[in-house]
Each structure stands twice: as C-alpha cells, then as structure tokens.
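Throw the hints in and build the complete structure from the sequences for me.
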Amino acid sequence: MINILYAFLVVTGLGLLLGFGLAFAAKKLEVPKDPRLAQMEPIMPNANCGGCGYPGCAGYAAAVVAGEAPIGLCAPGGSELSRKMAEIMGLDSAPVSEKMVAFVHCIGSVATTNKDYRYEGMTDCNAASLLFSGDNSCKSGCLRLGSCIKVCPADAISRQEDGRIVVDPDLCIGCKKCTAVCPNGVIKMVPASATYVVACNNHESGAKVRKACSVGCIGCKICENKFPESGCKVVNFLSEIDYSSSQAQIVDAANACPQKCIVPMRGGDVEAGMNQVVAQRD
Amino acid sequence: MSYIAILITYIFISNFILVQFLGLCPFIGVSKSSESALGMGMAVTFVTSIASVVCWCAYQFILVPLSLTYLQTITFILVIAALVQLVEMIIRKISPPLYNALGIFLPLITTNCAVLGIAIINITEGYNLLESFFAGLAAGLGFTLAIVLMSNIRERLDMYPVRRAFKGVPIAFISAGLMALAFMAFDKSLLTNLHLV
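These protein sequence lines map, in sequence, to chains E and V.
The numbers in numbering that gives the first Met the number 0 rise by one with no breaks, and the one at position 2 of the first sequence is 1.
The numbers in numbering that gives the first Met the number 0 rise by one with no breaks, and the one at position 119 of the second sequence is 118.
Source of the hints: derived by calculation from the structure; they are not laboratory data.
Don't take each hint at face value.
[As the list claims (entries may be wrong)] Under 7 Å between C-beta atoms, here's a sample of chain V residues computed to sit facing chain E: (1) Leu67; (2) Ala81; (3) Leu85; (4) Met88; (5) Lys92.
Quick reminder that beta carbons are idealized off the backbone N, C-alpha and C, glycines included.
What follows is the structure in structure tokens.
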C-alpha cells in the first residue's frame, strides 16, 4: 500500500516540480520580443501568399522590423498596410506604391481563335504548352486550361461561359502567382486604377494575327495616330497603354479599334462593357 | 567496456535507426534535404547526450532508493519532455544562431523513441554516469550518420525517374531497408577485431 502511495507521490511530485520549473524558467528566460513586431503581426493580411518573397506574413513582418526588407512589398495589404507599417516603424511617410492587379491580356475564345490541333492531354496550361506551344494558332494567347485558377490564393480568377479566363480586379491581391505559372506570360500586372486594357499579347504582324484570331491586336496604329491622347503606343505590332498618361481619348480609341481588343478592365463581359462605353459616349 | 567501444557500438553495431529501428519518424520526415537532416541529427545528439545523464540520475537517485524502478518509462518521458523544453528556452536565450539552427527540430524530439530508447538501454546495460553520457552521444551520432546518408540518397533519388507508386516515402523506406542490410555487416566481432573487448 505504501508503495502505491510512493509511486503516486513520485510521479505527481515530479510532474509538479517539472511543470512549475518550466513555468518559472519561461518567465526567467523570456526573450523580449520586439514590440514593433508584436504590433505589426496582427495587421498583416495573413494571406501568406509569398508575393513579397518572404516565407509568409510573419516572415515579412520580421524582416521589416529587422530592417532587412523595405515597406510596401505586400501586395494584398496595399498602401493602407504600408502606411500602418511606416507608422509602427516610426517613419514619416510610407512609400506609396500603386496597387497592381493581374489581367489576362487575351480575350480570345473558341469562337474567335483558330486551333492548330485538338489537344486532349492534361488540363494544365504548362502541359499543353509543351506541344507546339499549345493548341491555339496564336502562340502567345491564353491557353484557357486554367492553371492560373488553381494557383490563385484569393479565388479571383474564374472561367467565363465561353471559356475565357478572367481575373476579378477587385478580388485580386496582386501576389503574381498567376503571372509566374502562365507559360505564355499572357497574365500581366496592370494598375488597379486602369480603366482600359489592350487585351492581346501577340507581337506578330497584322496578317499573321488575323489568320490566327479575330480579336487580336494587328498593330494598325489607329489608336496611337488618331487618338494621341489615349496613351496607346504600338510597339512590335502590339498596342500598349501608358497607364501614367491621362488616357483622355481611351474610350474613343477603344471604339475605333478595328479588332475591338481595347477593353474596359472592369467590364466583366466584353460585349456588355463595350455597350456601356458606347452608351456613355452617346 | 571502454568508451571507444561504446561509441563504436552505438554508431555502427547497434545503430539506432538502421539496426534497432528507433526514431524512424524524423528519419523519414526530416531527411528530404541534407541541410535539415544535419540540423536534426545535431539536435538529437544534443538531446540524447543530456537526456542520458539526466535520466540516469533520476533513475539512480529517485527510483532505485524508493524501489520504484517499474516507473522508469513514465518518469523518463516526463524528464525528457521537460528537459527538451528547458533546453529550447535556454538556447533561445543565450544563442539565437544555434536556436535558429536547432530550434524548429527540438520540439519534434520531445517524445522521440530514440531518446527514450537510449535512456532505457543505459539502465538495462548497467552503465555508469559517464558511460551513459557516451552511449547517448554515440546514439545521437549514429542517428546523425544514418539521417545524413539517407538525405543524400533522397536528394539524388529526386532526380531519377522513379515509378509514381514508389515516389517519395515508399522508395525512401526501400532505400532505408537496403541501408539496414548494409549495416548488418557490423556486428560484435568488430569490437574483437579492433581489440576493444
């Protein structure tokens, strides 16, 4: 009987001793955490998207506090987070950076773009890209197999009814995962404030583009020459919009575009967007 | 038994992973890259060395006088878990670089059967305090040897076209089995041949 009591006492006593010992040691050996880090961790977006190049939000916050990383790398947090982080770090002004969102620079669909062959492989853009750069006749357009949808941490990318892949600029957190996974580089970052985007990625000459796709930019320069205030500039047969310009005539340029590939960014459906633009102008 | 004989015994002849099959969890889990494998090996060596000494003391000075030796398993687990936590705190306080190198592995070792294994072996073999320490050290070094070899094999395996059904852990276990066969070559006669016994 006394043995059982001893056993009970030894195990309980040991447990209590070690427990209190650890609690005491934890107090005594506590490593003071940088108070700035403690303030910063709760305001991080905690999307852990890795877009900043650090292992998760906590990693980035620690790097900023240690002075190893600049403020403003966090795309999901945007300028609001930059301002708060600068405040915590005791800086006067936050580096202002425009929020960038991903945009699929291609509005080709089954109806508009010709096929070279019928692809029956894995539903993966990079797999399809291995076979003659994909099944589309246009070798720089969207393959529409949706690899970007799978990597998007914010569920901002979706497939339209006609198969086109569209990024919702309001949901996009700007982590650039989709731009990295896209084999054709058709997803590029544009400022979130952009109104119109040239939705084509094909740098080939007009004749070649016309053969492959009915909505590709043919480099006709109508937007650049007729509407110099639109901010459009044709480089290598592809119109590019200078988002820092005033873009005053961009609506006219979009309407005049023979291929109708200058589209409103938040239009959702291109047709409806165009109608809306026409209605606005009239 | 001389200390060198103890070292050789637990590094090669009774290697914890490849002969006694203890501590297989971190052996498979942390052997994907040689860098983390070395970190894990160092952490285990550190813990087995200290735990051997502390458990030996707990056994000889608490359990034996009260004739409660049947409580050794639960006592050792308690002592080891608390010890690892304490060691983690101390390292974090006094040496941040070492904490960054070992820190994430230490909690994994808290209830590792290799650590408990060496504590119990020390008792059953009847080692004294210093012999226990060397046995713990050697067990950790043997663990490090096995996990580092394994991680190098796995790094190379990643580059070979392995059948999908075998990719990853299955082929790692098969490799571990072949390594274990190779370690069968070390037996007690090694000690005799080296004139250590």
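Hints and how they fare:
1. Hint on leucine 67 of chain V holds. Least Cβ distance to chain E is approximately 5 Å, under the 7 Å limit.
2. Interface restraint check for alanine 81 of chain V: the shortest CB-CB distance to chain E comes to about 4 Å, inside 7 Å, so the restraint holds.
3. For leucine 85 of chain V, the suggested interface contact is upheld, since its CB lies about 6 Å from the closest CB of chain E, less than 7 Å.
4. Satisfaction of the interface hint for methionine 88 of chain V is found here, the shortest Cβ-Cβ separation to chain E being roughly 4 Å, below the 7 Å cut-off.
5. Taking 7 Å as the C-beta cut-off, the interface hint given for lysine 92 of chain V holds, the closest approach to chain E being about 4 Å.
In the structure shown, no violation is registered for any of the earlier numbered hints.
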